[in-house]
Each structure stands twice: as C-alpha cells, then as structure tokens.
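Participant: Sequence:
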Amino acid sequence: MDPGFAPPFESEVRLIASPLVEAGWVPDLSRRLELVPSSHTTRGLFVRSFQAAVLALGEGDADVLERCRQVWAQHDTYVDSFQYPSRLQLEVLSVALEPLAARHGGPAQVLRMLGRRCVRDFLASHVGRALLVAAGSDARRLMNHAPEAYRIAVNAGVHSLRWLGTNRCVWSMHRDFMPMPFQEGVILGLFEEARILGVTVYGRQLDTLEGEYDISWR
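Using our numbering, read the sequence shown as starting at 329 and increasing by one per residue.
Hints are computed from structural coordinates only; laboratory data are not their basis. Where is the CB? At the ideal position from N, CA and C, for every residue including glycine. One or more of the hints may lead you astray.
Pairwise CB distance ranges (calculated) [to be verified]: (1) Q402 <-> R496: 38 to 46 Å; (2) R469 <-> G388: 25 to 33 Å; (3) R468 <-> V354: 20 to 28 Å; (4) N472 <-> V423: 36 to 44 Å; (5) S366 <-> D408: 15 to 23 Å; (6) H403 <-> R532: 16 to 24 Å.
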C-alpha cells in the first residue's frame, strides 16, 4: 500500500461514520455528476494527488486502471497550479469505486482514504505548509483557516464555520460535489498532519450537495 495512506503517527482520531448507505453510492455519484457545472474546477495539485491515490489503491487491476486513464486522457497533462473540471474526479469514481471498494473495505472507506491522501499532499505544498505553520498545534486556529485554504484548491462552493464551544465546531459545505466520506477523510488528514489528537468527526449529509461536519477534540 502506498505510504501516503498511512497516518504519519499513531492517530487517536475517531471517525463516526456518516449516514452514507453503502449500497447507495451509485445514485449519489450519478446525481453529483448531473449537478456539477463545467465552471466548477479543482486545482491540478489535487487532481494529481487523486490520480496517484487511485492508482495506488487499484494496483494490479489493469481493467479499472485503464478505465481511469481514459477519463484522465481528456487532458494532455495536469499542472499543479492550473484548474481542471471537478467532474473528472467524479467520473473516475463512477468507474473505479466499486472495484476499489471490494478490495479496501467498502466505498465509504475508499473515499476517506482518498480524501486523507489528497489533503496530505496539499499540506506538503507551499500553501499547505503555510497553513500548518500559522496554526501550529492550535486546533481552533487550524479550523479558522481551513475553509479559506480549501477554497484555494476548489473554486466553487460555500464554506462556513460555526463554533459550539472552545473545542467543538461545525464546518458546513454548500454546493460541494465530492461525496461526504471523502471530505471526512480530508478533515481526518488535516488533524493528523497538524498532530492534534483526540478528534471526533461526524458528517451529516443534508442534501446531495449539502453537508456539515461536527468536529470536536480534547
């Protein structure tokens, strides 16, 4: 397994599974593909990270990897600082999620693994390192900066943060085209890279493109 999927230390992060029905990912992805506009784009850094993660999880399955490459062939190359249609990732998931889920513990688990890998690569970039330096080990500061940093990677969607206490907040994502477990993985990876322990993340899907994440820590 690619080392990018492993936590950088013995994590104490605890994820409460979102109410994603394991058998319901097909209509969920289909609906997202119907709704995503061509104007919704994702930075190339995330696209390339997503590619690497899918290739690692699908290693040995020539058929699924070839179908993924056919999707990626829509563009000759992917440059970290350029923007590309967000639907590319959804199209890859539509052909790859089922076989990957059979090998890696189900669709929700695969999506979380992909989200964790993508955020770890982002945090290794110049912008990501600046976020970690600014936050230090202060979880509240990390969360205050996280929605803004996310918008650097994805050019659409509305993000807001609501504080419920000193160590608890709700991150709301509107017009968000990635499946909820993927975003749970992003949040999980964010806290792991910042070395913040004792974290609980609970995602609630309010509608196809609307979700909120209840996040708390010790």
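Participant: Now tell me, hint by hint, if it's right for this structure.
Facilitator: Hints, one by one, checked against the model:
For the pair Q402 and R496, the supplied restraint of 38 to 46 Å holds, since their beta-carbon distance comes to about 42 Å. For R469 paired with G388, a C-beta distance near 42 Å fails the hint of 25 to 33 Å. Here the CB-CB span from R468 to V354 is close to 38 Å, at odds with the stated 20 to 28 Å. Distance hint check for N472 and V423: the Cβ-Cβ separation is about 38 Å, which falls inside the suggested range of 36 to 44 Å.
The supplied range of 15 to 23 Å is met by S366 and D408, whose beta-carbon atoms lie about 21 Å from each other. A hinted range of 16 to 24 Å is violated for the C-beta pair H403 and R532, which are about 34 Å apart.
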